[in-house]
Each structure stands twice: as C-alpha cells, then as structure tokens.
Amino acid sequence: MTFSTEATGVKLAEILSEYLKTNCADTPAGNREITAATNMVSDLQLDSFQVMEFMLEVEDHYDIAIDMESLSNIQTIQDLAAVVITAHND
Amino acid sequence: MSLFDKFDAALQLKEGLADIGKDPTDVVFDSLISATEGIVKGRRTILAGTNNYLGLTFDKDCIAAGVAALESQGTGTTGSRMANGSYAAHGALEAELADFFQCDHAMVFSTGFTANLGVLTALLGKGDVVLLDADAHASLYDGCQMSGADIFRFKHNDVKSLERRLERLKDRASRCLIVVEGMYSVLGDCAPLAEFVELKERFGARLLVDEAHSVGVYGEHGCGVAELQGVLDKVDFIVGTFSKSLGAMGGFCASRHDVLGLFRYISRPFMFTASPSPAVMATTREALRQLRTRPELRQTLWENASRLYNGLQELGFELGPEISPVVAVRCKDRQSALANWNKLLEAGIYVNMMLPPATPGGASFLRCSISAAHTPNQITKIIKTFAEL
Chain A
1 MTFSTEATGV KLAEILSEYL KTNCADTPAG NREITAATNM VSDLQLDSFQ VMEFMLEVED
61 HYDIAIDMES LSNIQTIQDL AAVVITAHND
Chain B
1 MSLFDKFDAA LQLKEGLADI GKDPTDVVFD SLISATEGIV KGRRTILAGT NNYLGLTFDK
61 DCIAAGVAAL ESQGTGTTGS RMANGSYAAH GALEAELADF FQCDHAMVFS TGFTANLGVL
121 TALLGKGDVV LLDADAHASL YDGCQMSGAD IFRFKHNDVK SLERRLERLK DRASRCLIVV
181 EGMYSVLGDC APLAEFVELK ERFGARLLVD EAHSVGVYGE HGCGVAELQG VLDKVDFIVG
241 TFSKSLGAMG GFCASRHDVL GLFRYISRPF MFTASPSPAV MATTREALRQ LRTRPELRQT
301 LWENASRLYN GLQELGFELG PEISPVVAVR CKDRQSALAN WNKLLEAGIY VNMMLPPATP
361 GGASFLRCSI SAAHTPNQIT KIIKTFAEL
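Taken in order, these protein sequences are the chains called A and B.
According to this note's numbering, numbering within the first sequence proceeds without interruption in unit steps and concludes at 90.
According to this note's numbering, numbering within the second sequence proceeds without interruption in unit steps and concludes at 389.
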C-alpha cells in the first residue's frame, strides 16, 4: 500500500486535531484549524512533550517507527507526512 | 539573529517565575538543621523535596567515615582513574555494589548523570537501536543521543507499545537496548519490569534499568524495583546514583555481563572525569552498609510515605497512581502550581515544583519526596499546610 503526501497530510491533520481536542482543549491550539502548512511549535505553541506524545499517536496509527533524529527535522504537518511515507516504505 | 538570542526564552521564564514570588530554581538553604529541616530566608523549613529517602545525610557514622577519609586521604582525587589511578575505596565500593546486586561486575562514576552517559555511550553505537520509555530522565535521553544509536520511544510504562516497536525491529531486535527506570521520579510510579524482561527475552534484546530513585526503597534487600518484581538476575544493566538513598554524590552501573569490565577503556564520560573523592566514597560505603543492615529504615520510609499519601488523598488532592516515597500533587495549571509552591515555602514547607515540558502529560505538580527521617509531626504539618492552600 502506498500513501500520497497529500492524503497523508490530510490524515495527519485529522489525528492532530483529535489530539489537540483531547489534550489542549483549554488552549488556543485546541480549536485551531490544521492544514499541511501548520507549524506545530510556532503556530500551535506545542511544547516538546506534546509534540512527542502526538508523534507516538502517529506511529501507532501507521504502525511505523520514527527515530528521534528524524523527529528533530519535523516542523509542519507536511514535513511529518514525508517522514511517515519514508518510514512506511522502509 | 545573534548567538545569545536563544536565551530570550530562558529570560522570560526567569522573569515569569520572579513575578510570582520566590524563584523555585533559586532556593537557598542558609543552613541545615537535620536531614529533614533547614533554614530558608531565616525560617525553619521542613525539607520535603530532597530525595533523601533513608535520611542518612546526617547519620553520625556516615559523617565519621567521611571525616576520617578526608583526614587520611585528602579532599579530592584531582583527576580521572585512567590518568591518576584509583583509590582502594573505588574498588572496594565496586565490589560491595556487585555483591549487593548479586552480580559479577560494578563500576563507579562521579555522578548519576555521568553514569548514564558513560554506560550508554560505551554500550551503544551506530547501527544499534534504543527503545526508550518516553518519560525517561534527561540523562538517559542524552546518553542515547550521544551514542549515535537509532532511538525510538515507546509510551510510558506501556508493555503493548514496547512490544509493537520490538516487532517492527525484526532482525534488529538483537541489537536493541530497552532503556527504562525502576521508579519514575516525577509521579513515583514503577515500571512493569517483569513484563519488560519477558519481552526482551522473547525478542533477544537487552534491558537497562535506572534505579536511581528506587535503590534503598524497593525490594526485600533494597536493591530496587527489579528485586521487588523478582527479575533482578534478568536485568542486563542496572544504573543508579549515590545522591538519593545513599545521601552522597556519584553513580554506578552493575551487571552480570563481563563487558562492563571493559567499559572503563572506552567510556569517555568515565575516562575524562575526575573520580569520586575519598570522602564521597567513604560516606557512600557506610550508607550502603546501613541500607543493607537496617531494614527498619525502609519500613519507616514506607510508613511515612503512606501517611503523607493517605493524608493528602483524604483532602481531595489528585496524586500519583500509587503510594510511594514520591508523592506528586497535581495542580490545575502552571500558575496555581507556582502560587501554591510559594505559599508552602512561606509556611515553612519545601517541596519541588515540576512544570511542563519536564512532566508527564504536560501537567504541573508539587512534588514531595518523603524520608525515613521525617517525624510523624512533620508529616502532619505538611498535610495541614496543604489543607490551607
């Protein structure tokens, strides 16, 4: 099964929206619209722990493993989509 | 953009803390009265945030051992063991630790942080894999990152999450080190080590357990959570510190594997750090002797822990998941944690403040650590002061 960057970005935006509703409901990020260009740190003000928690959700959803070095280069949903596709193809 | 711009965030944090009252990162104990009391800003203050679990920092025999070592061997070793040689006490403590953990090898480091850096960078390299508990201590993260191994995290204390990641590794599982803690320092919750051992054996991986907060606290002989759960002989590497139950400073690794004896030739944090001083070795050895011969210390510690946990629970505070010598009180947000921490200090109670992102779930906590040396009256006062928040 292969994933397109666009479709993966849409799915990741859904997963992130769900994560924010559950974990950040009382912050401005809780109701923010998520797009492929959304930057998790500068736009949503997520701290490093929240980004890590969200990544664990993504790993479980796609049944992939993302190493910490790859994580350090991810800022936007689009960046994450590229990493997810690479990890899935590996 | 300048070299110093990155400090803007730290400056904001510092100013934000100062606006609330006393900066929790800048508490000064003007003097110490005992293992559980000190003077802060001229006020007698109960120390309920020191990780001094067995209360041995003022033990007369530990102090006498330290004084004797200072007088007979001087103030410091002035260099690393590789360059300057070892003192007899270094080897003696290593033998005593190996005996304590019922394994063949032990190695002493200058701090607990250095122990983790030293062990992980010696054990791991490029091409190896680490599966790291997401809530692991910063020293474990840093050691793994320094090693060059591929690092994957799994959900905190989640056996299924670890199992899924081991399955994904396939053949690489045999080059995998699972890295966890015994008791986690923020909430006082324990790892399911027996289940982790079953997984590491099934997949051919290795297991390292950091028992920094659990040595002297858990297990029939005080060896930690691995002993409590009956898997002490199955854990590949145990790391820990002398700075908590043993009341001194330094770190160690114990293992049944012969390779530990080779770490001293390749572990840079070991090779290029001054070795622990004679006084530190002496007080640690005496504290370890007491840990082994005075089980009543552990019994008192647990009685005190239960008293505090139950007292705060009855008041309606949301606490960590199990009774332990770490009692973490969840606060509704960062501001209330800061305000209540200041109120406690003003009332003569010192606890730790734990703020995100260094906390599980991004929550804010007032963290108490209890000691065998706390008196019932002191614990009653801590509970009463919390009730008045």
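Quick caveat, the hints were computed from the structure, so don't treat them as lab data.
Heads up, the beta-carbon is just placed ideally off N, CA and C, and yes, glycines get one too.
Among the hints, a few may not be true.
[To be verified] Selected chain B positions facing chain A (Cβ under 8 Å, derived; list incomplete):
{"id": "1", "residue": "A65"}
{"id": "2", "residue": "A136"}
{"id": "3", "residue": "I151"}
{"id": "4", "residue": "F152"}
{"id": "5", "residue": "K155"}
{"id": "6", "residue": "R168"}
{"id": "7", "residue": "R172"}
{"id": "8", "residue": "G362"}
So, going through the hints one by one against the coordinates:
For B/A65, the interface hint is violated, the least distance from its beta-carbon to any beta-carbon of chain A being 41 Å, above 8 Å. Because the closest C-beta pair between B/A136 and chain A is about 11 Å apart, greater than 8 Å, the hint is violated. Because the smallest distance between the Cβ of B/I151 and any Cβ of chain A comes to about 4 Å, under 8 Å, the interface hint for this residue holds. Contact between B/F152 and chain A, as hinted, is supported at the beta carbon level, the nearest pair being about 5 Å apart and thus within 8 Å.
Interface hint at B/K155: satisfied, since its Cβ lies 6 Å from the closest Cβ of chain A, which is below the 8 Å cut-off. Proximity of B/R168 to chain A holds as hinted, the smallest CB-CB distance being about 5 Å (cut-off 8 Å). At its closest, the beta carbon of B/R172 sits 10 Å from a beta carbon of chain A; the interface hint therefore is violated under the 8 Å criterion. With its C-beta approaching chain A no nearer than about 5 Å, B/G362 sits inside the 8 Å limit, and its interface hint holds.
Violated hints for the displayed structure, listed by number in ascending order: 1, 2, 7.
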